[in-house]
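> Top line first, the protein sequences correspond to chains A and B.
Counting from 1 along the first sequence, just add 18 to a position and that's the residue number in our numbering.
Mapping to our numbering: the second sequence position 573 is 566, numbers consecutive.
No lab work stands behind these hints: they were computed from the structure.
By construction, the Cβ of each residue, glycine as well, lies at the ideal position given by its N, Cα and C atoms.
Don't take every hint at face value.
In silico PhoX-like pairs for lysine-lysine, Cα to Cα no more than 20 Å straight-line [claimed, not checked]:
1. B:K138 with B:K549
2. B:K557 with A:K77
3. A:K89 with B:K151
Selected chain A positions facing chain B (in silico; Cβ < 10 Å) [claimed, not checked]:
4. F36
5. T54
6. E55
7. K77
8. A81
9. K86
10. K89
11. G105
12. A107
13. P119
14. C122
Residue-level listing of the chains:
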Amino acid sequence: MAIFEQGDVKIDVDEDGFMEEPDQWNEKVAVALASTEGVDELSEDHWKLINYLREYYAKFGIAPMIRKLCKETGFPLKKVYEMFPSGPAKGACKVAGLAKPTGCV
Amino acid sequence: MAKERSHKAQIVIDRLGKKLNRQIVGSLVACVHCGNCTDACHYVLANPGDPTYAPAYKADKIRSIFKRHYDWTGRIFPWWVHAKSLHTDEDLEELKDIVFGKCTNCRRCTINCPMGVDLATFNRMARGLLVSVGVMPEGVAVVSKDQWEIGNQMGVLKEDYVDTLEWLTEEMQMEYPKSPGIPIDTVGADVVYSINPREVKYDPRTISDAAMIFNEAGENWTMPAEDWDMTNFGLFSGDDDLGGGVARRLYEKVVELKGKKLVISECGHGYRSTRCEGPNWAQHDVSFPMESSVITMINYIKEGKIKVDKSKNTEKMTFHDSCNNARSCGLTEEPRELLNLVCENFQEMYPNRTENYCCTGGGGAMSMSEYTPQRLISAKVKADQLKATGASVVVTSCHNCVDGLADLIKHYKLDMKVTQLVNLVANALVIDKPIEVPTEEVSIPAAVTPVVAEAACLQGYKILVADDEPDFVTFVSTVLEDNGAEIIKAYDGNQALELARKEKPDLMTLDITMPGKSGIEVFEILRSDDELADIPVCIMTGKPELRKLIYDRAVKPPEGYVDKPIDEESIILNIRRILELAKSKGK
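Please take these sequences and the hints and turn them into a complete structure.
Spelled out as structure tokens, the structure:
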């Protein structure tokens, strides 16, 4: 367990920088985490994607398949990678406060 | 007086004896502590002041147990040959941190050992012994569970998998209306293509790229709707049963589809597990050829089946060898040959081929967050090596390396991208004719069962619910009954056993902590009774840490487990999955 600190954001994260306590998530946290994933500003589209990930995670306890994410948000795959250069698993999931995806990613 | 030993430590020692074969004993006794391996290990190179990373030091931790219990020198003069036993669960945890946290099983020390000591082989064995008593990083446990129960390491359900492939087909057909897309479950195909779940779950661009290449080559190919995972956590966890189970599923699927050849997408450990180790683990003769997609792609180019234009890939590129591909499977020249065919500016990195350094995320390390900080420190070796090439793109033939490299590139702020050969080949493809395949030949995937429970999906099944909390029994029973199952209720261990014998249910849910006989005892009795051993068991417990006790038995592990608190959806999802798997095994 580690602590991630930026400005007045202070949260518990795992060794890969994913949140340990989902309750600590808020929009400020998302902005701070985004900056570590090469995203300097969160646009309306970013928020749409983040909110979808959070809703899905709250319901099912896992990250959605990329297919579901694209279908439900209406973003093509290319756009997802443009928004989060480190990809949906490491980038978008981290910013949305999800736990680290399992498996070799 | 002899020190007391914990139950788990005793099991590890006993099982070590059963794991010993000539190869392992040879490696355990041959070390002369010459120190050649020290300079070969990336952990040592990045931590020069820390001797605990030296391969010989790590190996001695395992070697000392062998000496104490299985080598005559250690039994007679333990102090002389540094023989040392295991006593407590803490000893096991300490061993875990070495075999999982301080070695990626990359085998670079192995090929640099003048005595032929293969540390990775007995390091993997030690991992397997620990896993057999439930001592492992949580990430490894989660992934192994998914691979056992759902059939792939990321828990991708059939519906989602097929839906994703159909979506990729649609996207391809938007660009190339006549593209056949991705044929699913075609019988008698010349190529059955197997992938890593990471591709379908998070980054399906590699699937689309491969599909483009197969279709452009006019290949008669297919992807199976089930049992398509060619990765294998058995290699990482040292669990040969898991390794064999996972590999067998894929082999049997190819036979079922009457496929002529199995092509394995670019994944180092998957290629090694499926092509090299799997037949041994599974005790299974494989009747069809298996090849890396790298070789398939080279052959397409050489045979003129696809045309490529290397001027489409102009950036300066270097190639990283996956440990499993290069050191364990001899796949060193083909990727370079292919890379030179599709890119203009290739810059070798040094050292390379079998001497290349690990991506530092190998051996399952990417799934073990607890060791990430030390992994990233050791990655400095790789980072320096990449930087020295001056390339802007690092190409590799392994998904695990993609993630390992991407992680260290970010950590060390290198200005580099990671890509795979399939992406480069697809980008270089010259498509000069529309792909002509009559639409009626496009295979239509079989109907897929939705995951969400529909009414009466458990119709015809008899389920025994055993738990000492009446409220819980009522809740689970109601949910299952609403879905058509016939329910039998038991409130303690003895009653559960009695009813299991009398009623022969199709499935049993079992609480671990119950009065009378605990769930663990009940489980062991069930599994040791020939008549009851095949009843699938789903553990439902509020103490997830206790589930490890289940793995501590010499009997077949449960078919599933669910942590309390539990909701309706996950009850149905888990029960249906177990029943469907049992049904498919029984047929």
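> Work down the list of hints and note, for each, if the structure agrees.
A quick look at each hint next to the structure:
1. B:K138 with B:K549: holds (14 Å)
2. B:K557 with A:K77: Measuring from Cα to Cα gives roughly 16 Å; hence the hint holds.
3. A:K89 with B:K151: It holds: about 17 Å lies between the C-alpha atoms, which stays within 20 Å.
4. F36: holds (8 Å)
5. T54: Cβ of T54 (chain A) sits 9 Å from chain B, so the hint holds.
6. E55: Nearest chain B Cβ about 9 Å off; hint holds.
7. K77: With a closest approach of 9 Å, the K77 (chain A) hint holds.
8. A81: The hint holds - A81 (chain A) has a Cβ within 10 Å of chain B, the shortest such distance being about 8 Å.
9. K86: holds (7 Å)
10. K89: holds (7 Å)
11. G105: holds (6 Å)
12. A107: holds (4 Å)
13. P119: holds (7 Å)
14. C122: holds (5 Å)
Going through the hint list in order, the structure satisfies each hint without exception.
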